[in-house]
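Take the two lone chains and join them into the complex the hints point to.
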Amino acid sequence: ETGVTQTPRHLVMGMTNKKSLKCEQHLGHNAMYWYKQSAKKPLELMFVYNFKEQTENNSVPSRFSPECPNSSHLFLHLHTLQPEDSALYLCASSQAGRMLNQPQHFGDGTRLSIL
Amino acid sequence: AQKITQTQPGMFVQEKEAVTLDCTYDTSDQSYGLFWYKQPSSGEMIFLIYQGSYDEQNATEGRYSLNFQKARKSANLVISASQLGDSAMYFCAMQRQGAQKLVFGQGTRLTINP
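One line per chain: the protein sequences are A and B, in this order.
Here the first sequence is numbered in our numbering, starting from 1 and rising by one per residue.
Here the second sequence is numbered in our numbering, starting from 116 and rising by one per residue.
Only chain B is shown next, with the shape it has when bound in the complex (with noise of 0.2 Å):
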């Protein structure tokens, strides 16, 4: 079974610093995705960025990058620069190969501070 943990139930980071999320993950899958998400208070998830598991390079998408060590089974959210609107929950999730099903952690809250 597959199984997400993000270890940090919140953060709080100055504004204009760099904040990294923990995720860690559980699978025997060879090929699958992992995935963080963005949930502001007003309830909608927001995808950030994506990383397959054979993908060599870690994937990025403007301020965010993910810090992939598939030896370690961690999957990292780093956001660079942080902004007062960054304030939110912050979900990892993963997919294996030819599901559909999406497995989230539990959320990091992140705390934007000016």
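So that you can see chain A by itself, here it is in the shape it has in the complex (with noise of 0.2 Å):
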């Protein structure tokens, strides 16, 4: 098993459209991220979760909706997204904690497009 997989690797959906991307970690970590990747933006943190608890949402629009079921699964929930949502999107892991010598450790992203 990779360290953080991530599914679907590629997502068209139109703009009424719900749908999730999926993260799973096998690293035994306890904090995971949800990034998104804009073509020609440096990566931007969307949500923190610590031991399954959000602990950082940085202004993200309520058409995103996270869930952290346990430390080693982290949903993403998507509605009524808009055109200039098209990113990628990344979902990382890391040992939870403000230890600056602990990397995060990202899976392959979802490529999502909107319609």
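Since the hints were made in silico from the structure, they are not lab data.
Honestly, I wouldn't trust all of these hints.
[Said to hold, decoys possible] Straight-line alpha carbon distances no greater than 27 Å define the calculated BS3-like cross-link-like pairs of lysine-lysine that follow:
1. Lys118/B to Lys40/A
2. Lys18/A to Lys52/A
3. Lys185/B to Lys18/A
4. Lys36/A to Lys131/B
5. Lys40/A to Lys216/B
6. Lys118/B to Lys36/A
7. Lys188/B to Lys41/A
Here is the structure:
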């Protein structure tokens, strides 16, 4: 099993659809993250979960709804998205806590296209 | 606020040569960490190397080393003996003490020519 697995790898959806992105980590970590990577923009942190509890929401629109049922799984539920939401969505995990030398490990990402 | 600047949008290097990717940062924090990630065309962000602001030695990991100059606020990545598989986007990132947020730069696209 690879460290952080994301499904699906590619997703095309209409603006009225509802879909979910899934992330699973096999690293024994207890912090998980969603990042958005748009063309020509730096990666942007969206949400942080520590021990299943959401600890950061960086002003993300409510059309993105995260869910973390346990420390190994993270979902991003999508509904009524806009064309500007087309991007690569990356999931990451790390040891929880505020130690600096705990790198975040990323999955392959889901490339999302909104029609 | 923290900011990461990578001034080289693209770099082209001959195979087996060494390459330096530039990264400068701006922060008022005293304690922070600096990271480099590699992103191949497949999309995955691969962690390469970490440098703590209080580390006295430059970090090294195999062919990767970090040229850390704290007074100049720079953390350049050096790749020795480049290989074709090193072709990818490279991102410099910073994390402040007490936070989990990584702040990323715009990235540098490295192309290794045979």
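Distance restraint between Lys40/A and Lys216/B, which requires alpha-carbon spacing of 27 Å or less | This hinted pair holds, its Cα atoms lying about 20 Å apart.
Q) Lys185/B and Lys18/A: Cα distance at most 27 Å? A) violated (47 Å)
Next on the checklist: Lys18/A and Lys52/A were given as a pair; does the straight-line alpha-carbon distance stay at or below 27 Å?
Outcome noted: holds (23 Å)
Would the hint linking Lys118/B and Lys40/A be met if the CA-CA limit is 27 Å? holds (16 Å)
Taken at face value, is the distance from the CA of Lys131/B to the CA of Lys36/A at most 27 Å?
violated (34 Å)
Margin query: Does Lys36/A sit within 27 Å of Lys118/B, going by the straight-line distance between their CA atoms?
Written below: Distance ~17 Å between Lys118/B and Lys36/A Cα, so the pair holds.
### Query
Within a Cα-Cα threshold of 27 Å, do Lys188/B and Lys41/A meet the stated pairing?
holds (22 Å)
Of the hints listed earlier, those the structure fails to meet are numbers 3, 4, in rising order.
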